Amino acid sequence: MKLLQQSMDPNQKRAKAVDRVDSVDTGVASFDSTRMCPFPDEVLERVLSLIDSHKDRSSVSLVCKDWYNAERWSRRHVFIGNCYSVSPEIVAARFPRIRSVTLKGKPRFSDFNLVPEYWGADVHPWLSVFATAYPFLEELRLKRMAVSDESLEFLATNFQGFKALSLLSCDGFSTDGLKAIATHCKNLTELDIHENGMDDLGGHWLNCFPESLTTLQVLNFASLNSEVSFESLEKLISRNKSLRVLKVNRNISLDQLQKLLLQAPQLSELGTGTFMQELISCPITDLKTTFSNCKNLVTISGLWDATSLYLPVIYPACVNLTFLNLSYATLRSGELSNLLQHCKSLRRLWLLDTVGDKGLEAVGAHCPLLEELRVFPADPFDQEVFLGVTESGFVSVSEGCPKLRYVLYFCRQMTNAAVATIARNCPDFTHFRLCIMNPGQPDYLTKQPMDEAFGSIVKTCPNLQRLAVSGQLTDRTFEYIGKYSKKLETLSVAFAGSSDLGMEYVLGGCPKLRKLEIRDCPFGNGALLSGLTKYESMRSLWMSACNVTMNGCKVLAKERPRLNVEVMKDEGGDGSEAHKVYVYRTVAGPRRDAPPFVLTL
Amino acid sequence: MDQKRASLNLFEDLDLETELKLGLPGISGTDDQSEIKMSFSGNKRSSSKMGSNTCTDEIESTFSPPTKEQVVGWPPVRSYRKNVLQGKKTTSEMGSGMYVKVSMDGAPYLRKIDLKMYKSYGELMKGLQEMFKCIIGLYSEREGYNGSEHAPTYEDKDGDWMLVGDVPWEMFISSCKRLRIMKGSEARGLGDSL
Numbered sequence: 001m002k003l004l005q006q007s008m009d010p011n012q013k014r015a016k017a018v019d020r021v022d023s024v025d026t027g028v029a030s031f032d033s034t035r036m037c038p039f040p041d042e043v044l045e046r047v048l049s050l051i052d053s054h055k056d057r058s059s060v061s062l063v064c065k066d067w068y069n070a071e072r073w074s075r076r077h078v079f080i081g082n083c084y085s086v087s088p089e090i091v092a093a094r095f096p097r098i099r100s101v102t103l104k105g106k107p108r109f110s111d112f113n114l115v116p117e118y119w120g121a122d123v124h125p126w127l128s129v130f131a132t133a134y135p136f137l138e139e140l141r142l143k144r145m146a147v148s149d150e151s152l153e154f155l156a157t158n159f160q161g162f163k164a165l166s167l168l169s170c171d172g173f174s175t176d177g178l179k180a181i182a183t184h185c186k187n188l189t190e191l192d193i194h195e196n197g198m199d200d201l202g203g204h205w206l207n208c209f210p211e212s213l214t215t216l217q218v219l220n221f222a223s224l225n226s227e228v229s230f231e232s233l234e235k236l237i238s239r240n241k242s243l244r245v246l247k248v249n250r251n252i253s254l255d256q257l258q259k260l261l262l263q264a265p266q267l268s269e270l271g272t273g274t275f276m277q278e279l280i281s282c283p284i285t286d287l288k289t290t291f292s293n294c295k296n297l298v299t300i301s302g303l304w305d306a307t308s309l310y311l312p313v314i315y316p317a318c319v320n321l322t323f324l325n326l327s328y329a330t331l332r333s334g335e336l337s338n339l340l341q342h343c344k345s346l347r348r349l350w351l352l353d354t355v356g357d358k359g360l361e362a363v364g365a366h367c368p369l370l371e372e373l374r375v376f377p378a379d380p381f382d383q384e385v386f387l388g389v390t391e392s393g394f395v396s397v398s399e400g401c402p403k404l405r406y407v408l409y410f411c412r413q414m415t416n417a418a419v420a421t422i423a424r425n426c427p428d429f430t431h432f433r434l435c436i437m438n439p440g441q442p443d444y445l446t447k448q449p450m451d452e453a454f455g456s457i458v459k460t461c462p463n464l465q466r467l468a469v470s471g472q473l474t475d476r477t478f479e480y481i482g483k484y485s486k487k488l489e490t491l492s493v494a495f496a497g498s499s500d501l502g503m504e505y506v507l508g509g510c511p512k513l514r515k516l517e518i519r520d521c522p523f524g525n526g527a528l529l530s531g532l533t534k535y536e537s538m539r540s541l542w543m544s545a546c547n548v549t550m551n552g553c554k555v556l557a558k559e560r561p562r563l564n565v566e567v568m569k570d571e572g573g574d575g576s577e578a579h580k581v582y583v584y585r586t587v588a589g590p591r592r593d594a595p596p597f598v599l600t601l
Numbered sequence: 001m002d003q004k005r006a007s008l009n010l011f012e013d014l015d016l017e018t019e020l021k022l023g024l025p026g027i028s029g030t031d032d033q034s035e036i037k038m039s040f041s042g043n044k045r046s047s048s049k050m051g052s053n054t055c056t057d058e059i060e061s062t063f064s065p066p067t068k069e070q071v072v073g074w075p076p077v078r079s080y081r082k083n084v085l086q087g088k089k090t091t092s093e094m095g096s097g098m099y100v101k102v103s104m105d106g107a108p109y110l111r112k113i114d115l116k117m118y119k120s121y122g123e124l125m126k127g128l129q130e131m132f133k134c135i136i137g138l139y140s141e142r143e144g145y146n147g148s149e150h151a152p153t154y155e156d157k158d159g160d161w162m163l164v165g166d167v168p169w170e171m172f173i174s175s176c177k178r179l180r181i182m183k184g185s186e187a188r189g190l191g192d193s194l
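In order, the protein sequence lines correspond to chains A and B.
When the letters of the first sequence are read in order and numbered with the numbering used here, they come out as residues 1 to 601.
When the letters of the second sequence are read in order and numbered with the numbering used here, they come out as residues 1 to 194.
The following block holds chain A by itself, in its conformation from the complex (with noise of 0.2 angstroms):
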């Protein structure tokens, strides 16, 4: 997304534009010349307004005065990448119409502990100016923000019409924020929390859901711990007729979700609870056709503690499955395939590796249409003890489904030759993230660096957007990987690398790049400031534990002012080092928020 225009004043009226400045030649004289209003700006408002991709409406905003107006006053939904590239009151003042509003925080490496707590992506500065700006404002996406009690009382009670919410990796919330959203949010449709750093007090909040609530049409609690009352539950889920996704956690039983579905079989997205029960009451044909009634149902998650004895019960439902999400479920070869022979259409699967690489070949086997496989390790520390799957299941996979684009892949093993198999035969590959556990292990066939593991990738799959690397890997990768990925995005590097040839590699090439993380790698100054001139067309830039240093840093701070270039502090070292950095474009200026151990350069 392209950085908001400084040369466009915000506040530009909604007049008729009789002087406009073209900065892009649009190559249609007619239009500069003779212009005479040729549609009124409500006309051009509301064509804009079915322009949906933000990308587009960049493009949009860039053609002409007329049209960024057009644009900034048809926008309903604003995307920021980055909290801190942008102020609350900058897009305020841009935007004078918004409704929903999705705002990303913390670089990603922070999901991995390497952002210290307190370091910042507060949401409530954004809440403050939104309360006056947008009163209306009726979804809230966030992702990677810091996200109190309080901030979620505020939104609750600042936006009468707010309607949906969804917290992903936030943190700093308890289940007292989702009490004031339950009490509070009289047109709530929404309500997703996944995987968030959050103190789960009670299930108390489920019971602040008013009796008069009947618009929900999401629900999300699976990564909550706390049970909450069924038969609150029960109640919110028979009189919200709308309701399309329910993800309970993993307290609801068998006997539970029998009950819910009955209530709810117009659901297309299930989340289970536990899929064991010692005894249930009811005899399994009778969960097996609750399922097989569920005709919308496209996505199955959860199945906490699923095995053979209960998994045959959404059999019936799995004929159309296009999402099945495994990866909470110990399920062993076996149980795999004798699932996934059910599960034709399947388009996204989601496993651990308790499956092996036998139940790999039974996802080669049976599900054709797959485009997307994520493989989770079980037990990704423990060193002892040699499971999971290696690459023979992986190219297993990659035989049996050619339309693999989203691949992420945890191992202990990888071959060269076995990734090179793989990308002949998948050359659609637009996200290929493969994570080889041991860090810098080479080919263990070969005992040769996975260099040529990664050039097939980049050679072989022309549509290739976000790259994760792994293994043993000299500056040889990153030559591949600048002079063959076009369209890259989003690279992440870790223990990789000889020397800053290779990120310059990447800097020099690459053209679409956007964010670009490393970490445990030999880039020095030479690298950073390789990178001059590109990191005012990216998002951003993370380095953690290389060879910067803080006067490197320094210069790349002095030579590019319209980058904030943060270093964080560590506890030991000279000073010298400059551990952590993270750098981003903004129009925002430095962080006002920094907290001490952040120094902006």
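No lab work stands behind these hints: they were computed from the structure.
Computed from a prediction, not measured in an experiment: that's the story for all the values here.
Careful, some of the hints might be misleading.
Subject to a maximum C-alpha distance of 25 angstroms in a straight line, what follows is the list of computed SDA-like cross-link-like pairs (lysine to any residue) [unchecked claim]:
| # | chain 1 | residue 1 | chain 2 | residue 2 |
| --- | --- | --- | --- | --- |
| 1 | B | LYS82 | A | LEU387 |
| 2 | A | LYS358 | B | SER79 |
| 3 | B | LYS133 | B | GLU123 |
| 4 | A | LYS486 | A | ARG585 |
| 5 | B | LYS119 | A | ASN338 |
| 6 | B | LYS112 | A | TRP350 |
| 7 | B | LYS82 | A | GLY440 |
| 8 | A | LYS512 | A | PHE381 |
| 9 | A | LYS358 | A | PHE323 |
| 10 | B | LYS82 | A | ARG466 |
| 11 | A | LYS358 | B | ASP166 |
| 12 | A | LYS143 | B | LYS101 |
| 13 | B | LYS82 | A | ASP428 |
| 14 | A | LYS515 | B | MET117 |
| 15 | B | LYS82 | A | LYS512 |
| 16 | B | LYS133 | A | ARG332 |
| 17 | B | LYS101 | A | ASP382 |
| 18 | A | LYS512 | A | PRO522 |
Every beta carbon over 12 angstroms from chain B, so not counted as near; a handful from chain A, in silico [claimed, not checked]:
| # | residue |
| --- | --- |
| 19 | HIS54 |
| 20 | GLY81 |
| 21 | SER268 |
| 22 | LEU501 |
Idealized CB from N, CA, C, for every residue including glycine.
For chain A, the structure is supplied; the task is to place chain B on it using the hints.
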């Protein structure tokens, strides 16, 4: 090293030359092998009966993996998922599964089995033999596993190492914390001292 090679021939798929190293690159192979060898508490039996070079005199109640600092934030698994999986381990012991680690002398990697999958010692032995491609042989109360190449032992709740088969099955699965398949020669020592 030779002893190791002999037992590793049981693993047809494993090529010794290409074994996965558990250490960071740069650590030499031989160092790894010696670190992977298991050590265990010898406080109930005299160490001389144990013989072989697997035993150290230090009292270590856990198998010691090669020393390798846990790298922060690696592998890149999100905290939520991490916590759910750790939580799973405890509930699975109480609830639906009873996973214990199984090691075999001479094998470089541990395995994990779910004791609840087996209904009797016979089934367990069958499972272990299939998993490790070894012959465990028959158990007799008096002789233990004498006469066979390998003997299965387990660590009980008190931290003692016992011969598998001495106690009723139900008692066994509730007290077994981990399994070790010992070389027959060493196990004889165990049987004698009981």
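Hint check results:
no.: 1; hint: B/LYS82 <-> A/LEU387; in the structure: 17 angstroms, holds
no.: 2; hint: A/LYS358 <-> B/SER79; in the structure: 28 angstroms, violated
no.: 3; hint: B/LYS133 <-> B/GLU123; in the structure: 15 angstroms, holds
no.: 4; hint: A/LYS486 <-> A/ARG585; in the structure: 22 angstroms, holds
no.: 5; hint: B/LYS119 <-> A/ASN338; in the structure: 23 angstroms, holds
no.: 6; hint: B/LYS112 <-> A/TRP350; in the structure: 23 angstroms, holds
no.: 7; hint: B/LYS82 <-> A/GLY440; in the structure: 22 angstroms, holds
no.: 8; hint: A/LYS512 <-> A/PHE381; in the structure: 35 angstroms, violated
no.: 9; hint: A/LYS358 <-> A/PHE323; in the structure: 21 angstroms, holds
no.: 10; hint: B/LYS82 <-> A/ARG466; in the structure: 24 angstroms, holds
no.: 11; hint: A/LYS358 <-> B/ASP166; in the structure: 36 angstroms, violated
no.: 12; hint: A/LYS143 <-> B/LYS101; in the structure: 38 angstroms, violated
no.: 13; hint: B/LYS82 <-> A/ASP428; in the structure: 31 angstroms, violated
no.: 14; hint: A/LYS515 <-> B/MET117; in the structure: 47 angstroms, violated
no.: 15; hint: B/LYS82 <-> A/LYS512; in the structure: 33 angstroms, violated
no.: 16; hint: B/LYS133 <-> A/ARG332; in the structure: 20 angstroms, holds
no.: 17; hint: B/LYS101 <-> A/ASP382; in the structure: 11 angstroms, holds
no.: 18; hint: A/LYS512 <-> A/PRO522; in the structure: 24 angstroms, holds
no.: 19; hint: HIS54; in the structure: 26 angstroms, holds
no.: 20; hint: GLY81; in the structure: 19 angstroms, holds
no.: 21; hint: SER268; in the structure: 24 angstroms, holds
no.: 22; hint: LEU501; in the structure: 20 angstroms, holds
Taken one by one, the earlier hints fail for this structure at numbers 2, 8, 11, 12, 13, 14, 15, listed in ascending order.
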